[in-house]
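Line by line, the protein sequences give chains A and B.
Final position of the first sequence in numbering that gives the first Met the number 0 is 335; the numbers increase by one with none missing.
Final position of the second sequence in numbering that gives the first Met the number 0 is 335; the numbers increase by one with none missing.
I should point out that these hints are in silico values taken from the structure, not numbers from a laboratory.
The reader is advised that the hints may include incorrect statements.
[Stated by the list, open to error] Restricting the straight-line Cα-Cα distance to at most 30 Å, the calculated cross-link-like pairs of lysine-lysine (DSS-like) are:
#, chain 1, residue 1, chain 2, residue 2
1, A, Lys218, B, Lys222
2, B, Lys130, A, Lys13
3, A, Lys39, B, Lys222
4, A, Lys237, A, Lys218
5, A, Lys270, A, Lys13
6, A, Lys73, B, Lys73
7, B, Lys73, A, Lys130
8, B, Lys130, A, Lys130
[What the hints assert, rightly or not] These stretches of chain A come out as covered by chain B in the derived footprint (C-beta under 8 Å, 3 or more residues):
#, region
9, 2 to 16
10, 38 to 52
11, 107 to 119
12, 189 to 202
13, 305 to 316
Predicted model only: the values in this text are computed from it and were never measured.
Quick reminder that beta carbons are idealized off the backbone N, C-alpha and C, glycines included.
2 protein chains.
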Amino acid sequence: MPVRLSGATYIMEKPPCIYSFASVGGKDEGEGPLGNNFDKINDDPYMTSKTYEQGESQLQKQSVRIALEKAHLKPENIDFMFGGDLLNQCIGTTFGIKDYEIPFLGIYGACSTMAEGLLLSGLLCDSGVGKKIVAVTSSHFCSAERQYRFPLEYGGQRTPTAQHTATASGAVVVSSEGTAPFIRAVTIGRIVDMGITDANNMGAAMAPAAFDVITRFLKDTQKAPGFFDYIVTGDLGKVGSELLCSLMEKEKISIGSVHKDCGIMLYDIEKQDMHAGGSGCGCSGGVLCGYFLPKLKSGEIKNILFVATGALMSPTINQQGETIPSIAHAVWISAE
Amino acid sequence: MPVRLSGATYIMEKPPCIYSFASVGGKDEGEGPLGNNFDKINDDPYMTSKTYEQGESQLQKQSVRIALEKAHLKPENIDFMFGGDLLNQCIGTTFGIKDYEIPFLGIYGACSTMAEGLLLSGLLCDSGVGKKIVAVTSSHFCSAERQYRFPLEYGGQRTPTAQHTATASGAVVVSSEGTAPFIRAVTIGRIVDMGITDANNMGAAMAPAAFDVITRFLKDTQKAPGFFDYIVTGDLGKVGSELLCSLMEKEKISIGSVHKDCGIMLYDIEKQDMHAGGSGCGCSGGVLCGYFLPKLKSGEIKNILFVATGALMSPTINQQGETIPSIAHAVWISAE
Chain A
0 MPVRLSGATY
10 IMEKPPCIYS
20 FASVGGKDEG
30 EGPLGNNFDK
40 INDDPYMTSK
50 TYEQGESQLQ
60 KQSVRIALEK
70 AHLKPENIDF
80 MFGGDLLNQC
90 IGTTFGIKDY
100 EIPFLGIYGA
110 CSTMAEGLLL
120 SGLLCDSGVG
130 KKIVAVTSSH
140 FCSAERQYRF
150 PLEYGGQRTP
160 TAQHTATASG
170 AVVVSSEGTA
180 PFIRAVTIGR
190 IVDMGITDAN
200 NMGAAMAPAA
210 FDVITRFLKD
220 TQKAPGFFDY
230 IVTGDLGKVG
240 SELLCSLMEK
250 EKISIGSVHK
260 DCGIMLYDIE
270 KQDMHAGGSG
280 CGCSGGVLCG
290 YFLPKLKSGE
300 IKNILFVATG
310 ALMSPTINQQ
320 GETIPSIAHA
330 VWISAE
Chain B
0 MPVRLSGATY
10 IMEKPPCIYS
20 FASVGGKDEG
30 EGPLGNNFDK
40 INDDPYMTSK
50 TYEQGESQLQ
60 KQSVRIALEK
70 AHLKPENIDF
80 MFGGDLLNQC
90 IGTTFGIKDY
100 EIPFLGIYGA
110 CSTMAEGLLL
120 SGLLCDSGVG
130 KKIVAVTSSH
140 FCSAERQYRF
150 PLEYGGQRTP
160 TAQHTATASG
170 AVVVSSEGTA
180 PFIRAVTIGR
190 IVDMGITDAN
200 NMGAAMAPAA
210 FDVITRFLKD
220 TQKAPGFFDY
230 IVTGDLGKVG
240 SELLCSLMEK
250 EKISIGSVHK
260 DCGIMLYDIE
270 KQDMHAGGSG
280 CGCSGGVLCG
290 YFLPKLKSGE
300 IKNILFVATG
310 ALMSPTINQQ
320 GETIPSIAHA
330 VWISAE
């Protein structure tokens, strides 16, 4: 049973393992520096479907299928699953996973979804409720653009602080029994709102939420940043990452030497013209499952603190002049 | 620790209690047959805010505040909370609860959200992870109409099978210690898709999901429908309720004498011109917290099976011709 520390941090008693994992991506992700890390790259943005939204569903269908196949598991071996995405009413997830007929609990945390799913799966495995739980998420550049910004056909100019929604999905099977990597501890995030209203600068909106959860995790667990090979944020991009590091510096906590951001790692930002970097649920999901989990499994790295960040905004309320509240959850994943 | 039965049903070992609860509604809900059951009625659809969306947030802020006040709890006494709603990116929840600064886990299950929140809170309390967990949800007629159908100003004619989204919110505090009502067991739902495509007939789309989870619950727990004072569906309305009862009859399970539907109960359907009845996350949330939980607390009724149902549709994918997959979760709540 997980042990609760003061700041909504839970230490696992018998750390659940990440039994299997898979990542899939789109064309831009395949052409980026992590292209070879994905289990599957889809060059067609429709993934043979008729619409971008249905294409995004294919990403989740693929990542869950591959994660199950790698572990020789069938859908009926899974107790239940958590899933969510950025699309209105999370339909990327609904249509992606419905045919598996696995008992399902929908989650919404914007781009923090991968961390929320891992966190809940970890807590429920360590407490004995579940033996095998799946967590999945996705995002798609084309479906996100037309929902959050403009139709692609409009050809709008993007600001330098804007981020590029990744076309990707990550899926994990969390298990009460198995080998590394292990989920050692989690911190549940709080909604943080520093008053940012620019929907083209979500890194700045999300950095304070990452700061809040990382500082609470480090304080609760009495760990120094250097304990971790990497402190991995989801998709702060260049702007948000700089802001996070400077917020930490003000508290005299230096994370610069171990900080990595999935949004910066996913693309060759200059060459691929990705402005401030990647974003989207699939960004942190894909990079975690494609890059970090294999290194933890092989023992090449020992510990990461995975902090996916989400901007809890909607175009409707943004147009009404409201701020962009954000949230981030922290998950300590270890090779030991 | 909850004990898992075959069909994703969990029996609580030490049943957590619903320590406190609150329901708030709008003008139509106040004028309906349950008007006196709400803790607070808001006659102003804006709830003193500038927009309907911000108004919906006020509903959640109110219901959480009242639920905490009734139990003499402060936000810092809550371990974490689950919340979600129907609005794109669940912003009703985000802006409603952010000022409480309670560690937050967003969920999305359309109108099944109250059952999903109760279910997760129950599992996590019984397994010792949380001592006090809040679950909240809401819906708002005006914000839902313009998002899912037409702007109110358009004055569109509604079909007889259409349902009226309730302006309401329900909030509960689930606790590992306390007095009745208790959460005795839960069944996690699966996504069910019977091919319905009419967004003005969501009762029909959701009935098969309710059927799936109710039959699994009854089979797993070896209970007959007559064991329950009421089997309470969320918002099937008149059309979906008839369909559910006839689906059950085909399996030779008669629930007609104990079946109640929150969407039918909330309004005087003929007099208030509510077509097929009420719907929305706040419909089942408000009726559970305003009508059923007080009766369970007083011992007037002994057992209910609460089955909130959700249509996992979005206007985007509905316009693309896709079906309306649905989900329902079951929660057995008892006075003993």
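Outcome of the hint check:
For the suggested pair Lys218(A) and Lys222(B), the alpha carbons sit about 48 Å apart, so the restraint of at most 30 Å is broken. A threshold of 30 Å between alpha carbons decides the hint, and for Lys130(B) with Lys13(A) the separation of about 20 Å falls inside it, so the pair holds. For a cut-off of 30 Å, the pair hint linking Lys39(A) to Lys222(B) is broken: about 46 Å separates their Cα positions. Pair hint Lys237(A) plus Lys218(A) holds up; C-alpha atoms about 26 Å apart against a cutoff of 30 Å.
In summary, the hint linking Lys270(A) to Lys13(A) is not supported, as the alpha carbons are separated by about 45 Å, beyond the 30 Å threshold. The hinted pair formed by Lys73(A) and Lys73(B) fails the criterion: a straight-line CA distance of about 45 Å is larger than 30 Å. For the hint pairing Lys73(B) with Lys130(A), the CA-to-CA distance comes to about 34 Å; that exceeds 30 Å, so the pair is violated. A C-alpha spacing of about 23 Å is found between Lys130(B) and Lys130(A), which places the hinted pair at or below 30 Å, so the restraint holds.
Judged by the Cβ-Cβ criterion of 8 Å, the region 2 to 16 of chain A is covered by chain B as claimed, because 3 of its residues qualify and three suffice. A count of 3 residues in the region 38 to 52 of chain A with a Cβ less than 8 Å from any Cβ of chain B is obtained; the coverage claim is therefore met, three being the minimum. Beta-carbon proximity to chain B at under 8 Å applies to 6 residues in the region 107 to 119 of chain A; the threshold of 3 is reached and the given coverage holds. Taking a C-beta to C-beta cut-off of 8 Å, the region 189 to 202 of chain A contributes 3 residues in contact with chain B, enough for the three needed, and the coverage statement holds.
With 6 residues having a beta carbon nearer than 8 Å to a beta carbon of chain B, the region 305 to 316 of chain A meets the requirement of three or more and the stated coverage holds.
Violation of the numbered hints given earlier is confined to hints 1, 3, 5, 6, 7; the remaining hints are satisfied by the structure.
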